[in-house]
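Based on the provided sequences and hints, a complete structural model is requested.
Here is what each chain is made of, one letter per residue.
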Amino acid sequence: MTASLATKTLRGLLHELRAASPSGCIKQSLASKYVIAQFQQYETTDEQFCKAKDEALFLGQTYLTYLSSLRKHEEIKKEYHGRGERSVRETADLVGFKLPSDPK
Amino acid sequence: MKSVLSLLRTKSIYACRFYSTSSTRKRFYKNTNVLSSDGLYEITLDQRKLKTPNGNPFVVKSEPLAIAVATEWNNQKDIIVRSSMHLTALCNTSLDNPNHLSKPDMVNYLLNFLPTDTVLFQSQGEADLAEFQQNEWDPVIEWFNKRYETNLKKTLDISPPQLFETDRMNVSKYLLSNSTETLHGFIFAVDTLKSIILACATIDRFISVEKAVYLARLEEEYQLRHWGRVEWSHDLSQLELQARLAASVLFIHFNRAEHAKKEKLSL
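Chains A and B, in that order, are what the protein sequence lines are. Counting in the numbering used here, the first sequence runs from 1 upward without gaps. Counting in the numbering used here, the second sequence runs from 1001 upward without gaps.
These are calculated hints, taken from the structure and not from any lab test. For each residue, glycine too, the CB sits at the ideal point set by N, CA and C. Honestly, I wouldn't trust all of these hints.
[To be verified] Within a straight-line C-alpha distance of at most 16 Å, the following computed EDC-like cross-link-like pairs (lysine to aspartate or glutamate) qualify:
no.: 1; chain 1: B; residue 1: K1061; chain 2: B; residue 2: D1038
no.: 2; chain 1: A; residue 1: K72; chain 2: B; residue 2: E1231
no.: 3; chain 1: A; residue 1: K77; chain 2: B; residue 2: E1240
no.: 4; chain 1: B; residue 1: K1103; chain 2: B; residue 2: D1078
no.: 5; chain 1: A; residue 1: K78; chain 2: B; residue 2: D1235
no.: 6; chain 1: A; residue 1: K33; chain 2: B; residue 2: D1078
no.: 7; chain 1: B; residue 1: K1153; chain 2: B; residue 2: E1165
no.: 8; chain 1: B; residue 1: K1077; chain 2: A; residue 2: E74
no.: 9; chain 1: A; residue 1: K78; chain 2: B; residue 2: D1078
no.: 10; chain 1: A; residue 1: K53; chain 2: B; residue 2: D1204
no.: 11; chain 1: A; residue 1: K77; chain 2: B; residue 2: E1231
no.: 12; chain 1: B; residue 1: K1051; chain 2: B; residue 2: D1096
no.: 13; chain 1: A; residue 1: K72; chain 2: B; residue 2: E1210
no.: 14; chain 1: A; residue 1: K78; chain 2: B; residue 2: E1063
no.: 15; chain 1: A; residue 1: K77; chain 2: B; residue 2: D1235
no.: 16; chain 1: A; residue 1: K72; chain 2: B; residue 2: E1063
no.: 17; chain 1: B; residue 1: K1026; chain 2: B; residue 2: D1078
no.: 18; chain 1: B; residue 1: K1026; chain 2: B; residue 2: D1046
no.: 19; chain 1: A; residue 1: K78; chain 2: B; residue 2: E1240
no.: 20; chain 1: B; residue 1: K1030; chain 2: B; residue 2: D1046
no.: 21; chain 1: B; residue 1: K1194; chain 2: B; residue 2: E1220
no.: 22; chain 1: B; residue 1: K1077; chain 2: A; residue 2: E90
no.: 23; chain 1: B; residue 1: K1061; chain 2: B; residue 2: D1078
no.: 24; chain 1: A; residue 1: K72; chain 2: B; residue 2: E1165
[Claimed, not checked] Which residues of chain B face chain A? A few of them, derived with a C-beta cut under 10 Å, are:
no.: 25; residue: R1027
no.: 26; residue: T1052
no.: 27; residue: N1074
no.: 28; residue: T1116
no.: 29; residue: V1209
no.: 30; residue: L1218
no.: 31; residue: E1219
no.: 32; residue: Q1223
no.: 33; residue: L1224
no.: 34; residue: L1239
no.: 35; residue: V1249
no.: 36; residue: A1257
[Claimed, not checked] Okay, the calculated bits of chain A under chain B, using three or more residues with CB under 8 Å as the criterion:
no.: 37; region: 23 to 37
no.: 38; region: 56 to 65
no.: 39; region: 70 to 80
So this is what it looks like as structure tokens:
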């Protein structure tokens, strides 16, 4: 059985919250408690409140986009952001030269 | 000479101080929490209450918004990176209103995007691109015209699209019905997308945040097919836009949800 969209969103949210948390633990996290409570609340809702359910799911997905975009943005920045000037040795290695002090 | 030196010195001190407060500040708290009283929510960093840059108390009306902001502060690692805290920034802007914007100012600002909306300027030179834009953008324009009772038409050349006074009126009527906080969210969303049509489509849940950002960058996406994708430029800007738009959509919905709840009670 494939997981429903709501279940996927919930899993994604908890995953992102865990990844974003400095301690890596979200047991005490207000956000994770709130998100789980929201999903439980709308799970049992009748079809006549369908609109509210859709809206809740939309907000869940939007928050998921928010968290995952921030995380990926940070990852790319970390990888490519300048770390200052290269040393003489690093530059020499880069273009395949040797330093005068290196053995021939 | 001496005075010039001292001037330089004071200048550099200011520069340092500014730098240290604006971009790098160590995390000085352990836990964040949310306090509530009388339907208002505040954020605490350990024992201290969070304040806005202008020194006003940081108070929001929505519980999920307060939780999201507290989580944002809690997710900072060793250094507080304010540039990545879009929800906090939005709340601060709406609480402090640093540019002293009134509601008509904000509506005017938003309406000025309408005649130069991204999705109304379509290409005619390249057949592929024209078809691509037509397929992706036209449904959104159609939806907007229906939803806001406007009659916007795209333009295919350099002349600006036709805009009737009734179009402006209808959109401004809708915008004016929003609270000032919500309008701050609108401005953030429209500034991100450079399109009021796409911003409204996302806020009204017609398209998702990812889709809206994709549509705002449509021509770039088209060029990427030919020239390739560069992670540190294209992906970076796409993710930045997605985070900003998602923050403003959440901010608007959380600010509105309170009103919806109150309406239901009074029925």
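Status of the hints after comparison with the structure:
1. About 9 Å separates the Cα atoms of K1061/B and D1038/B, which keeps this hinted pair within 16 Å; it holds.
2. Of the pairs offered as hints, the one joining K72/A and E1231/B holds, with about 11 Å between alpha carbons and a cut-off of 16 Å not exceeded.
3. Simply put, K77/A and E1240/B have alpha-carbon atoms about 11 Å apart, close enough for the 16 Å limit, and the pair holds.
4. Straight-line distance between C-alpha atoms of K1103/B and D1078/B comes to about 39 Å, which puts the hinted pair past the 16 Å bound.
5. A threshold of 16 Å between alpha carbons decides the hint, and for K78/A with D1235/B the separation of about 14 Å falls inside it, so the pair holds.
6. Taken as a hint, the K33/A and D1078/B pair is broken in the structure, with Cα atoms around 25 Å apart against an allowance of 16 Å.
7. A C-alpha spacing of about 14 Å is found between K1153/B and E1165/B, which places the hinted pair at or below 16 Å, so the restraint holds.
8. Under the criterion of a C-alpha separation no larger than 16 Å, the hint pairing K1077/B with E74/A is consistent with the structure, at around 12 Å.
9. Simply put, K78/A and D1078/B have alpha-carbon atoms about 15 Å apart, close enough for the 16 Å limit, and the pair holds.
10. The hinted pair formed by K53/A and D1204/B meets the criterion: a straight-line CA distance of about 15 Å does not exceed 16 Å.
11. At roughly 10 Å between alpha-carbon atoms, K77/A and E1231/B fall within 16 Å of each other, so this suggested pair holds.
12. A distance of roughly 10 Å separates the Cα atoms of K1051/B and D1096/B; the hinted pair therefore holds under the 16 Å criterion.
13. Distance hint between K72/A and E1210/B is fulfilled; the C-alpha atoms sit about 14 Å from each other, no more than 16 Å.
14. For a cut-off of 16 Å, the pair hint linking K78/A to E1063/B is broken: about 33 Å separates their Cα positions.
15. For the hint pairing K77/A with D1235/B, the CA-to-CA distance comes to about 10 Å; that is within 16 Å, so the pair holds.
16. A C-alpha spacing of about 27 Å is found between K72/A and E1063/B, which places the hinted pair above 16 Å, so the restraint is violated.
17. For the proposed pair K1026/B and D1078/B, the alpha carbon gap of about 6 Å is at most 16 Å, so the pair holds.
18. At roughly 15 Å between alpha-carbon atoms, K1026/B and D1046/B fall within 16 Å of each other, so this suggested pair holds.
19. Proposed proximity of K78/A and E1240/B is supported: the alpha carbons are some 14 Å apart, at most 16 Å.
20. Using a Cα cut-off of 16 Å, the hinted pair K1030/B and D1046/B holds, with the two alpha carbons roughly 6 Å apart.
21. A threshold of 16 Å between alpha carbons decides the hint, and for K1194/B with E1220/B the separation of about 14 Å falls inside it, so the pair holds.
22. Simply put, K1077/B and E90/A have alpha-carbon atoms about 30 Å apart, too far for the 16 Å limit, and the pair is violated.
23. Among the hinted pairs, K1061/B with D1078/B is inconsistent with the structure: their alpha-carbon atoms are about 30 Å apart, more than 16 Å.
24. Simply put, K72/A and E1165/B have alpha-carbon atoms about 43 Å apart, too far for the 16 Å limit, and the pair is violated.
25. Nearest Cβ of chain A to the Cβ of R1027/B: about 8 Å, under the 10 Å cut. The hint holds.
26. This hint is violated: T1052/B has a C-beta 21 Å from the nearest C-beta of chain A, more than the 10 Å allowed.
27. Below 10 Å, beta-carbon pairs count as interface contacts, and N1074/B has one with chain A at about 7 Å; its hint therefore holds.
28. About 26 Å separates the beta-carbon of T1116/B from the nearest beta-carbon of chain A, more than 10 Å, and the hint is not met.
29. Hint status for V1209/B: holds, given a least beta-carbon distance of 5 Å to chain A, under 10 Å.
30. The criterion of a C-beta within 10 Å of any C-beta in chain A is not met by L1218/B, whose closest approach is roughly 18 Å, and the hint is violated.
31. This hint is violated: E1219/B has a C-beta 21 Å from the nearest C-beta of chain A, more than the 10 Å allowed.
32. Here the hint on Q1223/B is broken, as its CB sits about 20 Å from the closest CB of chain A, past 10 Å.
33. With a cut of 10 Å, the hint placing L1224/B at the interface with chain A is violated, because the nearest CB-to-CB distance is about 16 Å.
34. The interface hint given for L1239/B is met, as the beta carbon of that residue sits about 4 Å from the closest beta carbon of chain A, less than 10 Å.
35. For the restraint placing V1249/B at the interface with chain A, the shortest Cβ-Cβ distance is roughly 5 Å, inside the 10 Å limit, so the hint holds.
36. A hinted interface residue such as A1257/B counts as satisfied when its beta carbon comes closer than 10 Å to some beta carbon of chain A; here the least separation is about 9 Å, so the hint holds.
37. A count of 4 residues in the region 23 to 37 of chain A with a Cβ less than 8 Å from any Cβ of chain B is obtained; the coverage claim is therefore met, three being the minimum.
38. Counting residues of the region 56 to 65 of chain A whose beta-carbon sits less than 8 Å from any beta-carbon of chain B gives 6, enough to reach three: the coverage restraint holds.
39. Interface restraint, the region 70 to 80 of chain A with chain B: holds (8 residues with C-beta to C-beta distance below 8 Å; minimum three).
Hint compliance for this structure: hints 4, 6, 14, 16, 22, 23, 24, 26, 28, 30, 31, 32 and 33 are broken, all remaining hints hold.
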